[in-house]
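With the hints as a guide, bring the two chains together.
In the order they appear, the protein sequences are chains A and B.
Going by my numbering, the first sequence opens with residue -14, and the numbers climb by one from there.
Going by my numbering, the second sequence opens with residue 32, and the numbers climb by one from there.
Hints may be right or wrong, so weigh each one.
[What the hints assert, rightly or not] Residues from chain A that keep clear of chain B, each with C-beta distances beyond 12 angstroms, as calculated:
(1) ALA108
(2) SER181
(3) ASP229
(4) ASN271
(5) VAL290
(6) ILE414
[Claimed, not checked] Which stretches of chain B does chain A cover? Using the computed rule of at least three CB atoms under 8 angstroms from a CB of chain A, they are:
(7) 795 to 804
(8) 873 to 881
It should be emphasised that the hints constitute simulated quantities derived from the structure, not laboratory data.
Please read these numbers as outputs of a predicted model, since none were measured by experiment.
Here a beta-carbon is modelled for each residue, glycine too, at the ideal position from N, C-alpha and C.
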Amino acid sequence: MSDVVSDLRHKLVPEDRTYKQISEDILDTLEEAPSKGWLIGFSISALLLTIGFLTVAYQVGTGIGTWGLNKTIGWSWDITNFVFWVGIGHAGTLISAVLLIFRQKWRTAINRAAEAMTIFAVACAGIFPLIHAGRPWLLYWVFPYPNTHGSLWTNFRSPLLWDVFAISTYLTVSLVFWYMGLLPDLASVRDRTKSSIRKVIYGLLSFGWNGSNRTWHHWEVMSLVLAGLATPLVLSVHTIVSMDFATSIVPGWHTTIFPPYFVAGAIFSGFAMVLTLMIVTRKVLNWENYVTMAHIDAMCKVILVTGMIVGLAYGTEFFIAWYSGNEYERYCFINRATGPYWWAYWSMISCNVISPQFFWSKKMRNNLVVVFALSIVVNIGMWFERFVIITTSLHRDFLPSSWSMYSPTWVEIWTFIGTFGLFFTLFFIFIRVLPGIAVAEVKSVYKFARNDH
Amino acid sequence: MSNLEKESCGSGCGCKPSTPDYWQDVENKVVSKAELMEFPEGEFDNFSVRKTRRNFLKIMGYSVSALPLTGCIKIPVRKALPYTYKQNTIIPGVANWYASAFNGLPVLLKTREGRPIKVEGNEKSSFGQGGANAQAQASVLSLYDTNRLREPSIEGSEVSWEQFDDSLRKLLSEAKGRKVLVTKSLRSPSEISLVKELSNKMGLEHIAFDAVSSTGEASANSETHGVYTLSEFDFEQADVVVSFGNDFLGAHRSDVANAKQFSKRRNPKHSRGMNKHIQVESNMSLTGSNADHRFTRSEQDQRDILLSLAAEFGDYSHMPKANNKEVVAKIIKELKLSRGNALVLSGSNDKNVQILINQINHSLGNYGKTIFVSEKSYEKLSNDQEVEQLIADMNGSRVGAVFFAGVDPVYALGESERLKSALSKVRVRVAMVESASSTSNTANFIAPANHTYESWSDEMVSSTELAMVQPAIQPLFGTRMWTETLMSLGGIEGSFYDYMKNYWGNRIDWNQTLHDGVTQIKSEKDSVSYKLGSINSVAKKVKNYQEGSGLQIIGFKNYAIGDGAMANNPWLQELPDPITKATWDNHALISPAYAKSEGLSTGDIVEVTSGKTKLKLPVIVQPGVAQNAVAIALGYGHSVGGKVSRKLGANAFSLVKFVNGSYQYTASFGSLKKVGTGAKIARTQTHQYMEGRDIVRETTFDAYKKNPKAGNDKVFKLANVDIYPAHKKDGHQWAMAINMSSCTGCSACIVSCNAENNVPVVGKTEIARKRDMHWLRLDRYYKGDDNEPEVVHQPMLCQHCENAPCENVCPVLATVHSSDGINQQIYNRCVGTRYCANNCPYKVRRFNWFNYDRGEEVERMVLNPDISQRTRGIMEKCSFCIQRIQDGKLKAKRERRELQDGDIKVACQQSCPSNAIVFGDMMNPETEISKQLADERKYVVLEELNVQPRVNYLTKIRNK
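Next up, chain B with everything else stripped away, as it sits in the complex (with noise of 0.2 angstroms):
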């Protein structure tokens, strides 16, 4: 028996559901008596004898007396407490939350008898500030991954722990040479104290490997500041902030605390005004569409840029290129408006490179206010002059074991054979990891590891917060924390939980601590001092840098699946990239111009080819994407890996090239020839311009400052001309306001709404016929030149209007209006002639084309048991989170108080990374809604069609 089932109540109490499901929605919701008298196959076989009298009496008296033996059976023993025995933390229906944290963000789990189901930011947190990006948001779905690896095993086949324990520390005994453990860049301080203790016991070496590496910066501070760290930043101090292809909004690193940060100084409002944002970079990112400032270069380009920027600032002489003249004066002269108030940025993994932007921001005297350098005692970064030196042992022979925990160098080296063979020459490879991958495939121990909600740990989420990683769920597999195995190995005893209390003793409190999930280590972000003195050598090494020839490809991390960890994982994979809105693939984004003088189109498939390596790829034109490149997002084109992440785009890690003792991204030159036509691209959003509608209105900061209505000006004279009578409004109304400043694009709303409502997945062919099921989109426009273009991004979800057009046609009432302004729809009443979305304006609402495949048994451990799954020939929509809100105005009546705001915090508003939406009652003036609702720059869309929604927006402002 698997855990899964000994789990399955989830209350850890050991207990089983002693009856099969007798239904399972409204649909189904009888087993059909055919299915109950049918007879398991072969279970009467032993019987086929003839049917005579004398037979049926033998049978007769062999089973009658045959009975009372059964009692003889023993029955083992299950441990099985029902409900009706209270237990003090679980109460049915009622969430518990745990505190724990995900790939460096401080996080909330909401736990439903016994299951984690749903990810929140947690708003203790100084740092995330309670929101979540997308990947944390869905990791909860990769915890129920069915590609999980289940039990250990050895050459192939599986063993008990023991076994595998047993045999490893033999063979670890009489291996010679090297022993690593390649880990993440690790930020844990007790796992980097379990790491030393074990180098000292066993020898064990620690490297650090990330599929897309930051070594540029970690050496470029080296060299300025003498730590090998990577800079801090806090963006709502800048002022201006530059940023030379760097995602700092998007798939960089911690996106989240950028955005809230960065988020405060879009608010015109804010006491400092609006900050100002430049972006140069090479292709589309989510962070240069909403720059103020957006141009499209080179990477060659952007080094001039540089370079320039290095000389106005730093002992160099250099003259920028013709076509970048304008570029550096404009940053020149913002940067010197804002000196000790700016940041400069670049998403470059060149040492000489971001040592340039140390010089600049330090000369601008940004270090300890925008940007930090800290001296970190906790931290084991990826230094891929390190990896590079392993594989060399590797392949001298001089390396006799290695473990690799939680890391995929295989694939995110590109497949490279050449770290396969080193591989073949290391006698024990141990992989520790969560699913099969390309790595564990060419290993001889596979130790499965637990998820990290089934994980104890901790991590540093910056240089002065420390977040717990606590389990949610006892291990659904036979799985072991990684930290456990080679404490088993090492023969240090105990779990790691008591290894970690041990080693935090009194320095934390420990019970609050893992209550609160976080705790400041440090109060403060402090800065070691720049040491550099001439950077001339450097800059001359960055002028002198050797382009190759032809197509640069320009390899990047997108915003949903990022390095390709979470690959296999559909919510995120079906997550429209904020850019090019294509889902469950990657793709060749090449520049309009570009695509114009090759005749290419978007849908042709075309092969890029740099050196040995081929890459076929479907076209999308891209605007915003630098004329001689194409670029490729990083993190896809998995051979081995699940059902989900296998055989989807091709695997653009095999074009790094590893320059200057770092991987880079951008350093592969090529070409690209068409080699067919027709791919299928599964887009969520196909048209990508306003066609000069009033859709997203947009102002710029200097015109706000002289009439904050600017932009928002045009007034539709709506006469009463309803036929029906208005709704009344008393009570709670609800509504909500999206800041089309704050708002970035991120998508990450996207993610928390299907988790939160049990949205379905739909795959990629179903995408590419525009069925996407989300019920909160982000729509995405380009606005004026396709080179330079401007962007916005619009959430759009169901309005929610007073005189809803849907809720007139529905001939059955299956949508309805709520007293508090809902517009509801009711799933067991709809019989989906459709007609209620062909009636919205805003096409929010979803269809339910099939029954959508809700996975295996332990995938639906996912669910919110709160929402009903829709099935087959249903329409669905956003609900304003109504769960959300009666358990708030239930918690409120429990606690005999008035409902107050911020009690009920929809999903999508709660994970906001920019603080973007605001929901709340706007009946109560008092309310951020109430005052939003009253902002100059609220509007809504469609205005003149005078279906009043409750969704407002508020004026896009620009500061350029």
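Bound-form chain A, shown alone (with noise of 0.2 angstroms):
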């Protein structure tokens, strides 16, 4: 290391590697056989998502009635954890997007791991929109695409209309700009594979990646490009989802903080989620040397300052519920505070305003045990952040008459459990077939810090 290089800069990469050993690093357990590790992780993911496409089958068979809602509560659990699930996809574009145009380079060691955790869980989110429908079969009509019903189209004016947009949108250009920033290192695997087949495939992948002058120049500037499309969506998406509440009339949704407040949120879980799993991956992968200290410390410090942007948001909407003066605003708060859900509005308040403080403490961002427990538990906290908003709002509203409880049943658990063991199949999958570091990015910033060229 040379003393030209300012103590401030810490290498990204911290141990010595030659290149071939960077992608031999990442690389090499895509050749090797499965570890006992991975088959026992992935098979009862599998057999969790097993369990939920059955009992989504189940309920889409014989009907909404399956689940807790009532006539007062139309939405529980099943828009819950779609708002979870779409607020946990929230840090990968980000991520990349973001953080890209920022030219932060510690980025590039967990990027292709959050896209490809937030295309999951854009997938584990599309469910239920699909599934609350009560006839999901006719959801089509959601699409404004040429029909011949007469004046009959979509209805622009709904929110729901405008998160279909939003969410397929969001998907899309996730999905493409993932797969962009996939094609060098494709190109790599299919260079170092010896199975002809797997050549073939990864040929086919890697779109004839030939590592060309012209080809890394076409690849950054489409990076570029898809990174300043993708970073409007990173507040769009969640500023939609907000809208099917916030534009509605029902006292606790009615509210327009809720876009940056759900923004903010999002980002909070997504990269509470991006932790919970790399914390796991880098340990089973061995890719300490990439997945550093320095980054679970930087998305703590995220975690911290989206965690106190979320603490603010609760504590402006109890003032301004008290402040407009509407009775039906100010019953909502001191009802979800007091009222019979006060459980999951103090969880709420415990998992996402009280644990991310312990994160001021470069002590705790630092122990591994810690910072994997306060990133479950800020996801368990996000839930419970959608389950009140939607749940307790709407279990007293305007007419007395009509309050109503809400517990889930049996299929409803097991479709939200589903839902997981679809994400982690597919994670598992994924640290399979594809590169989970990007490799040529990396390769890109091992020399930041580093005199030597």
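Here it is in structure tokens:
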């Protein structure tokens, strides 16, 4: 190491490796037989996915009545889970697009997995709007396609329609961005493998990448363009999702604070999920040299900041409910904190506002056990946040005659567990068949804080 | 083949649909190919020969040559007239209306393609004035009850009617002892005449038995006026109504007529002002919930108050107890102010109590003005003593034959072993009933009876008005009118129709009466003179009434199920009780104070013990129940009966006692013990208080007189902040106004809406999960002290908002605004996101959580063919009866005239016994609705949301 480098700059890849070694560190796992741990993890995930799938099949075959909803509470776990998963899907694009534009080089080690997580989470999220519909087989009517229904088209005033556009755009751009980023690494896999079948498959997947200057140039430009496209989406998706609530007249939903509040919450939960996954993955796949403690430290800081934004939003909501003088709004918030669902509210507060405060301490940020535990706590808290917003607002709205209570049925519980099955199944497959870390990008930042070229 | 199949086109032509249903609704449009290809099981079993070429040819040859032979089979000729040959009376798609009557209420039956599908009040009747209660409206569903008995049977084996009559005649000729016919109280002149004729021919005695008896009142009238009959009332004339536990607007009797009269005086603009209604009761009744002053008092306290009144207005001296002094003073003050225009009532079945009531009415000069006791030659009323005598005679083997026509005394005497063992000593036991019951299970001859709507009869609905009962459909099953069964046994030739027509002869204009459904027999109600002198001895008996010790058990009829005769009707079971909002069950209703002292809460399960009787019931803590009492609805707990009524609740008739010559419903005492918790109570409303919100606006009559806008002076300045352009308002614009002062909360409108709009029944479990499907509900809120609560009822239905929050949020435009201002739900466009329901501030949208069971084929005959059946996953809600609007508009168009106010009546409005609902075109300033919208009392619920509802409410006014 040279003394020219400032002490403040620390290496993004601490240990010295050759480029070949970097490739081997990351890509060898694709060539090896799956480990026992992987097999067990994959089997459990696939089992949960299967149970979840059967549950959904039963529900679609029988009716929404298999859920615990009623005439007062038309949405509960379904949309809670939807928003939960969409929120988790936020970190990927933020890391890959926004951090790319802001030239945050440390992102390279985690962006691939984070983006994959985004796509998987959005896939999980997408299930809920689909199956929550009474007649999901007709849900294609939400797309504004030319049809023979006469004057009947979609309702552009409905936030649910905006949702359709927001989510599908987000999924498309994220998918393209992720896949484009994969191209050089897929070519590396193709070039390294000895199996002819894999050569063909990865050859096709890498779109004939030849590593020429032109190719790299196009690729760099495309990444920037896509990042530019994806950046507003980071804000728009959860803004639109929040409008499902904000544009309604339900006390507790009808509030202008929702877009920034939801976006912050989404980043908060997304980073927590990235932490949960990466802490395990780096350990299992021996990627400590790439996903370093510095990464974890940075992500903890993001969680701390967004957690406080969320906390501020909770406080602001309460203040505005009082300040507005609207008796329904006031009741709604008092009911959240002291009504029959008080436990959900206070779980949310403890998980989302209190627990991230540990991250003020560097010691805590560097303690993997604490970080791992808190990353899960934050996600539980964020799930409760959506539950609190959706269910406790609906269960007691304007006319007390209709007030009611909600509790989930086994169908809802297993559907939710099933989406975790889907998420982890996809993630397990992902780390077996695709480069889990952006090899080419890591190589491009390897020299950072090294003065040896 | 059952008669059902023969009749299923409904035209009476004997045709049978030639093809199976290819499609039932939009969802299941096409019968799958696989289904069509499937061979019925066993069809080809005989061809299990080896599949060789020779065998194939053999079978082939046989089949081809056998084919022509089928032409020789004689296929029975069925008379079938397709609609291409037009029949005079039936136009597909156009309803025919027939006048009839149900349980003393003149009704009109709407039939479509020969099937009765809806019951409405008969507006030509001066008695019912077009109103209909829940039971009358639900009766059309009982017509199609698959639990009805279908064929006559002897000792459990089905026989033909000829065999039945022969065997029965033979046995009857051998039977020794009394031959007794037991009916419910009869007010049918022709049936009574027939029974008299039979008593001459067969020695048949006639007694009447009512599950819930009014012997006390009739006996009192017998003593005070010399006539064994029930009093009639004129609530419109009464300035003050004082009722001791008499549920005259609810389950007591002639609720529709009472409500029609009563509601006129709830209008503050009535020329004589509002009436004043004081209710003293031990259980919160529907009537009590509407009172201007309601006092929760135990039965003992009620007697104490009554004695004080008797002392004030008669030759008796009594000092009220300290806690009753105020009530007594209040009542006396009000009564004295309106002598001759007051009305005092009691719901008690104790003769002595009713005598005191009569005496008070007499001394106030109310007879002939607000209350009438008239001679009625056509009436056979129940008399509990006769019933007890019959049981005694049966036990003493002095009865040879007993006929039960439409009554179920075994059930209604609490499944009493005493009656069952008595019956076993009777040789001939004939049950002429519609469905199997506890009584018919003890009979050896079962003669299934027609439903009312398959029968001919007549009924004096009041002392002045005769109503006709005529069939609207041929008998669905192999049943027979009970009158015809008796005629056949008694050897009277012809049908009962002939008998009835003959009976009336020229006394009425037969055709006109049949057409109108009603005719006036007498021009005015009259009252015979009061005879009783001193009440001293009666009052002493009331004073010395032997109370039991412990918790007083109050058996009461609730509004929906009544005496339990219609307990197998799912519409009624699912109708929320107007007070408790509970469905599908009866409960132990206890006061909040008692619940607190005993540590009980709603949902606990208790065992109510009285003597040997034990009833296990879930608790509902009910404001307005007397402290040391438990109230239990009668009519539940059928051990025999249809699939609907069985296993629901407990039979509270087992707590009824025979005291002072009549069955008494509040005479049992006992104890209550908690035996469990967590009962699933299927209630449609679980939060009972308004939380101080501006939902029901209320004022007093005095305040109203000073300022008609009293209680309605909240003004919201709503800026025009709409994002979207307003809807154009031209042509007809429909609106509704609901008068909160008139509405009694009786819930008849809910059944009307169910029947009109094919609203599915979802069952107890689903209601317990708060998934009731009613398009119209009645919100009931308590106010004030839990022991003496004030109650308000508020009908809540789709408010058809101008700025409808539901319309904005639907992604597929499945709920849209019509040009005439209706918020429309487009079922086949709905994908079921439920966003609209979440965003509805009134929570009136109903989601089809499942494909709801519409019952068997015969039960589906009740469905309104104008309304599609919604499949699962679809949102539905009140449509302002759009089919009726369309029908009214088309009718006016056909007749080339402008649409008139009143041409269109929505279902809830039509049935309303208190005329609380007004519907019409608000663009026409002449309409009733326009006048109501201009009323100072008009307001809309949640006005501050600026959703601009089309349903308006008029402030509730209490006269206190």
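Hints, one by one, checked against the model:
| no. | hint | result |
| --- | --- | --- |
| 1 | ALA108 | holds (20 angstroms) |
| 2 | SER181 | holds (46 angstroms) |
| 3 | ASP229 | violated (8 angstroms) |
| 4 | ASN271 | holds (47 angstroms) |
| 5 | VAL290 | holds (32 angstroms) |
| 6 | ILE414 | holds (32 angstroms) |
| 7 | 795 to 804 | holds (count 5) |
| 8 | 873 to 881 | holds (count 8) |
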